[in-house]
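As they're listed, the protein sequences go chains A and B. Here our numbering is used: the first residue of the first sequence is 1, the next is one more, and so on. Here our numbering is used: the first residue of the second sequence is 1, the next is one more, and so on.
These are computed hints drawn from the structure, not numbers from a lab. Do not rely on the hints blindly, as some may be mistaken.
Only some residues are given here: those of chain B computed to face chain A with a beta carbon under 7 Å [unchecked claim]: (1) R75; (2) K76; (3) R78; (4) G88; (5) I105; (6) Y133; (7) W135.
Computed cross-link-like contacts, DSBU-like style, restricted to lysine-lysine with a CA-CA straight-line distance of at most 30 Å [said to hold, decoys possible]: (8) B:K32 to B:K73; (9) B:K132 to B:K73; (10) A:K221 to A:K180; (11) B:K227 to A:K206; (12) A:K206 to B:K132; (13) B:K227 to A:K283; (14) A:K287 to A:K221; (15) B:K73 to B:K110; (16) B:K110 to B:K227; (17) A:K221 to A:K283; (18) B:K132 to A:K180; (19) A:K206 to B:K206; (20) B:K227 to B:K206; (21) A:K287 to B:K132; (22) B:K110 to A:K287; (23) A:K206 to B:K110; (24) B:K32 to B:K132; (25) B:K185 to B:K32; (26) B:K32 to B:K227; (27) B:K131 to A:K283; (28) B:K131 to A:K206; (29) A:K287 to B:K131; (30) B:K131 to B:K73; (31) B:K206 to B:K185; (32) B:K185 to B:K227.
Cβ atoms here follow ideal geometry from the backbone N, Cα and C, with glycine treated the same way.
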Amino acid sequence: MERLTQNTWFAVLVVVSAIILIWYGFSIQLNMPWQRGVYARAGEDGVPLLQLLSDLWSQQRPVLPAPHQVAVEFWNSVFLANPSTPRSLIFHAWITLSATGLGFLFGTLLGIFLAVLIVHNRAVDRSLMPWVIASQTIPILAIAPMVVVVLNSVGLTGLIPKALISTYLSFFPVVVGMVKGFRSPDALQLDLMRTYSASGAQMFWKLRWPSALPFLFTSMKVGVAASLVGAIVGELPTGAAGGLGSRLLAGSYYGQTTQIWAALFMAAALSAALIFAISAVQKLTQKAMGAPA
Amino acid sequence: MSVVEAEGLGLTFETNDGPVHALSDVNLTIDKGEFVSFIGPSGCGKTTFLRVIADLEQPTSGTITVNGTTPEKARKQRSYGYVFQAAGLYPWRTIERNVALPLEIMGYAKAEQRERIARTLDLVNLTGFEKKYPWQLSGGMQQRASIARALSFDADLLLMDEPFGALDEIVRDHLNDQLLQLWAKTDKTICFVTHSIPEAVYLSTKIVVMSPRPGRVTDIIESTLPKERPLDIRESPEFLEIAARVRDGLRAGHSYEE
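Sequences are here, hints too, so could you generate the full structure?
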């Protein structure tokens, strides 16, 4: 028993079961009013409990779909639908993923570039950092549609506007993390390079860059999640063009709550997979850099 | 030829609590092949003086030459190796890559790098540990690796800032012994900062006693010990006599007023 309680999987299982249980509870409570209305209009009275539950959990447009409804919708739209058609979640996930990936790549590169400038130039540090911070205080929901509209008017549509919104969200953690990382070498390590009369480039590539790598991965994990949010938000105003964002929007237009939930799970799975991928690269890098196993 | 020549050297740090006189009127000549120890309580400026030689601090008065030129030029000519208090090895580099660091920066060819790494690691008895990462080595071995790193590019001047300060007595004895052998083998000039009297007397041909507030030189002792020094020389009357003079010098310069 003791071994069981210390098992990670057991802990996860308990939490997931609890969430599913609570979810079923709420799905009964929240879908009840509508079901009562249906029964009242049909003049049915004294519906048996099993019939009631079955009706509650098979509504076409439930306020809160039951977990198994979401699971079925997820299964159908991921594994059964043709991935090249908009009926498939894979189709939408791929559109979102490509925007996320491109935006994240831009964002990481931009973040590193700005951090290099900030660390090497005091004037840039003083003048740029406030703007970097201010950029993140603007609500992305307000600025995303404008970015899309403005870029649309200059002929940029599809991937690029969404990727730019991803970039906008993901460069920030990278800047902050890498500035800290580039500044992490201590006085002794900097003095050592000075005694060798090392050039600025040698100082950077042999000391600052490797010192900053652990910070880079931490920042990238935050950044990639932000990138995904950015891509989804960027898809909301583009309407029918596809992507998890437009799927969410379509779902809410037509009251397809089950579809919304399935898309949400897809987004969560995507985000988890991206973070997992970065962790894997991080582990490989750490191993190559001699970290204790 | 003198390797280091300081005349009326002074260094004052401006701090929020007013000026701190780290060095004041230091006159010292260090000749080629000497082993000079700087000893004194903390705050006496011994590390600062070493850092001035290394061009890591700028003096505010007086003059200093290193190898007959300014410290800055000497640094740019890579004329000294510096060993810090902590080993300061890069954790992401293996021991051999750490030793290779200055060689890479100074642009040595790969083959030459390999040859020098092997030679200096052998000099500090670390052959066989090339592929280890710093965390896999003990503190004493890490410090030895950092000495190998400072030796690898064969500068004639070795500046050592309390390199064995954090190590236990037995390891320290061992490393002192090895350092003397290395000095005899390579004929380098060594400047060595310490606050251990036996260490200073055992190692040095010249002991510079310093005292704080302001940091200054109070005594310069030329050692009469022979160049060949077994560890048990430390019980000889000659050794004890020099140690007593160092202790007197330290006591004279040390105030317990604060």
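**Request:** If any of the earlier hints don't hold here, list their numbers in rising order.
**Result:** Violated: hints 9, 11, 13, 16, 19, 24 and 30.
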